[in-house]
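With the hints as a guide, bring the two chains together.
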Amino acid sequence: MAQAITRVSTPPPVRSAPRARLPWPLNIYQTAVGKKWVMGLTGIALLGFIVVHMIGNLHLYEGPLEIHEYAETLRDLGTKLLPRTWLLWAMRIGLIIAFALHIHSAYSLSRMSIAADQRYPGGRNYIAANFASRTMRWTGPIIGLYLFYHLADLTWGWFNPDFVRGDPYHNVSESLSSIPVAILYIVANTALAVHIFHGTWSMFQSLGLNSPRYNHLRRYLAAGLAGIILVGNLSFPIFVQAGVIDDNGRSIVEELQHGAAEGEDH
Amino acid sequence: MSAEINLTLKVWRQDGPSAEGRFVTYEADGISTDASFLEMLDIVNERLIEAGEEPIVFESDCREGICGTCGLMINGQAHGPQKGTATCQLHMRSFSDGDHIVIEPWRATSFPVLRDLAVDRRAMDAIVAAGGYISVNTGAAPDANLTPVPKETADTAFDAAACIGCGACVAACPNSAAQLFAAAKVQHLNLLPQGQAERWARTEAMVETMEEFFGSCTNHGECEEACPKEIPIDFIAWTNRDYIKAKVKNRKLVG
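Chains as they are written, first to last, in the working numbering: chain E, 1 to 266; chain S, 1 to 255.
Calculated directly from the structure, the hints in this document are not laboratory data.
One should not assume that every hint holds.
[Unchecked claim] Selected chain S positions facing chain E (in silico; Cβ < 7 Å):
1. Gln77
2. Ala108
3. Ala129
4. Tyr133
5. Thr153
6. Asn175
7. Val207
8. Gly221
[Unchecked claim] What follows is a list of derived Cβ distance ranges for each label pair:
9. Gly63(E) - Glu230(S): 52 to 60 Å
10. His100(S) - Ile55(E): 26 to 34 Å
11. Phe159(E) - Lys83(S): 23 to 31 Å
12. Ala17(E) - Arg122(S): 12 to 20 Å
13. Ala162(S) - Tyr220(E): 27 to 35 Å
14. Val187(E) - Arg47(S): 49 to 57 Å
15. Asp99(S) - Met91(E): 58 to 66 Å
16. His100(S) - Val187(E): 45 to 53 Å
17. Ile114(E) - Lys83(S): 24 to 32 Å
18. Ala128(E) - Ala51(S): 49 to 57 Å
19. His53(E) - Glu230(S): 51 to 59 Å
Remember, predicted model here, so these are calculated numbers, not experimental data.
We put the beta carbon where it would ideally sit given N, CA and C, even for glycine.
If we strip away everything but chain S, and leave its shape as in the complex, we get (with noise of 0.2 Å):
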């Protein structure tokens, strides 16, 4: 059943990284709310261009909740007020006729804004590059089913790799922490025996890389409620769990 709302958004509106940003009121009337978050955005943008105005600028790519392009804080939640759905995957029909939203970047010191709703995530690149990786031969691909790993971890693995990085979890937590990236990142590949070469080299050099941009978790739970892909805060503690081993196991290599 398709209908029709009337919206008023409040936007954040930033000219670059050392502008001075605003909140700008748009009317958004007649939005089918089988249009996604970002086909509204859309529509108001194309409204924009015919009047003249810039358009709003924020990011997106796949629209199917798969590439961590878009994020957006929606009434003060990151994504929105659907629960493990990214802002693409979000639908007008969350919303009534009439209903003010607040849209706005996410913001930490480690994500400035870029332009508008847009902003910088590099600093999540570096924790990868830290250590987001495993050494595998080069040459032909190497057999199925070569490495045995049982269901449940593989299953488990794979929880923590459905982080798709949009840094969702930085920007609804309190402390702008972004263990629940980091510890995704780190036990998708220790959970799994490919990992196991690097493991205590990456846990020590991804959280560490990881405290240098972001502040410290004080376990709220608030990154896994705004997660998309509802990953679990347990790989936090695993992860904390691994950082301590890996200060001990890492001390004794010399060279």
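Bound-form chain E, shown alone (with noise of 0.2 Å):
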């Protein structure tokens, strides 16, 4: 028999429908909980990123030499099945379109819930949401802005006259040693921290990862990631500054190029 299910007559929809249904599964991507999945899981890829780039980092602390060796051994990566830097590349680009899902989607989730949000002109408090939890559209821009500084500095060397290519320890003291540098990635980083910290608990819940058994771990674990990458990203700028890190204006690939040209003189 028949069934006439007429629909609830509503206000007006804040969100239309999309233009055209895209065939599974980007069609998760077309809905609200599926843009929080790629976030959640874009999330995790960025955040994998940081880690390692922060440990990596840590070869500053062992000498010009180690850390230059250490970002020549990225480059190899691979090198028994592929030619040189295509792992590397590989991963650059999966990084790449992480990043830009990861922006894409809290871009479009955001336009979503302002069109859906009304402002009380009386004030309201807010007991639950954190700092983090409310400056998530603020740090993000923070960071991507960073980031863009960040490769332009010590990757492309734009705004560095002494840029030498592949000498990072050259490049890191002699950027930070500059005030405003240091304060800028002080800044950024803790913005990073502070991300971190909502975006580790949220991806839990945006992915369905819950459990009784381990709910009560998720704010520890979202606290210890970012305070350790607080703690590692931002003792790079304080121990350039403090003079711990620093070159005295020589560098090693430098030499290590003029002493390989010298022994062919010979």
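Shown next, in the form of structure tokens:
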């Protein structure tokens, strides 16, 4: 027997249906919960990169030659199977895609929430929302802008007249010895830690990773990760300023190349 | 111990859905601390009627915290300062003599103000209509305990089923997301054996209807604090998981 189901009459929707329904699994990304999944999964990838990047940078404390060799090792990854730097580039492309999806999902979800939300002219109290959760839309763009500066500064060498390609110790010590640059790094990495604190906890909820067995540990993990990233990343500008990381204007890579050239002369 | 307190109310008055709203200040003197918040508003309204003014429009029904009709933003907190309590169960003993109280309606784009403190919550009905039901055989009531349900499962489903659909979660959410409401309505059926037949269709339909009207959850946790039934946000996580499973399973249904 046919049954007529009429839709409940409602106020107009705040979100229009997508123009074209994409095939599975792309249609998942057309929904808000799907976008939160993508945000969580790309967040894990980016967080993995940030942790490895911070640990790798600790080679700075071993010395100029050691961090140079570490950087060369990254370029040599997978050279038994692939041409040099191909695996590194594959990882970089993966990160760029993850970063783009993370930003796009955040942007479109924010737009959706802003359309759905109305202000309280009489003001409102926040009870559960914390500083980190309420500033995600600020810390995110700060990290994005900082990432651009960070690449331009230490990968492309646009802002550093003494930039030597392939010599991280020299470049870090030249860049971060400037007080404004050190302050910029400290502010941006604090924003990064705040973003990670809410992002890590939020990721568990968005991905449906919720069980009474480990729920109480999720906040500790978020705080622990954010704390480790904060301490590790802030140590670099602070120790450059304190003179612990100091190349005295010399570049180990230039000296190595110079030495190799001299060796050829003899 | 009953006492009488004098209050200053700053109440949102709005003549209709498209009218411009404004705050109007009322002196509420001699209010018994044993009065509920809604009884306090009744007293204020009686005085307004006696003075020949329009009474403040607000919604209420059962006044025992189980129907979900009442709901006010009191001093920037959904259902006021007392945790796990609907507006009707909030009593004036939670306030002190001389307090200023700001009273606003729920605010969200999909909760348009009808008049004063009453809002249109039909967008929530649309979510339930999209899948908040189970199919059963008609006829005589089935035998009790015909379908075994483990105690823990029944308890968890009941925690979700405690949702009275008041809309405080949407009102308290900085994103105006209805995730806690929708998740409670999805999970109280998804958790039980009786809800399995429509589980995946229900999850997909209810979540997607919710997304038409409300914002996106960013896991602040404000809804859990505002909820008069103290429904935990764990249900939101489980619904997120069920939704992705539903997207995988439902695509295999051809026809």
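So, against the hints stated earlier in the document, which numbers end up violated here?
Violated: hints 4, 5, 10, 11, 16, 18, 19.
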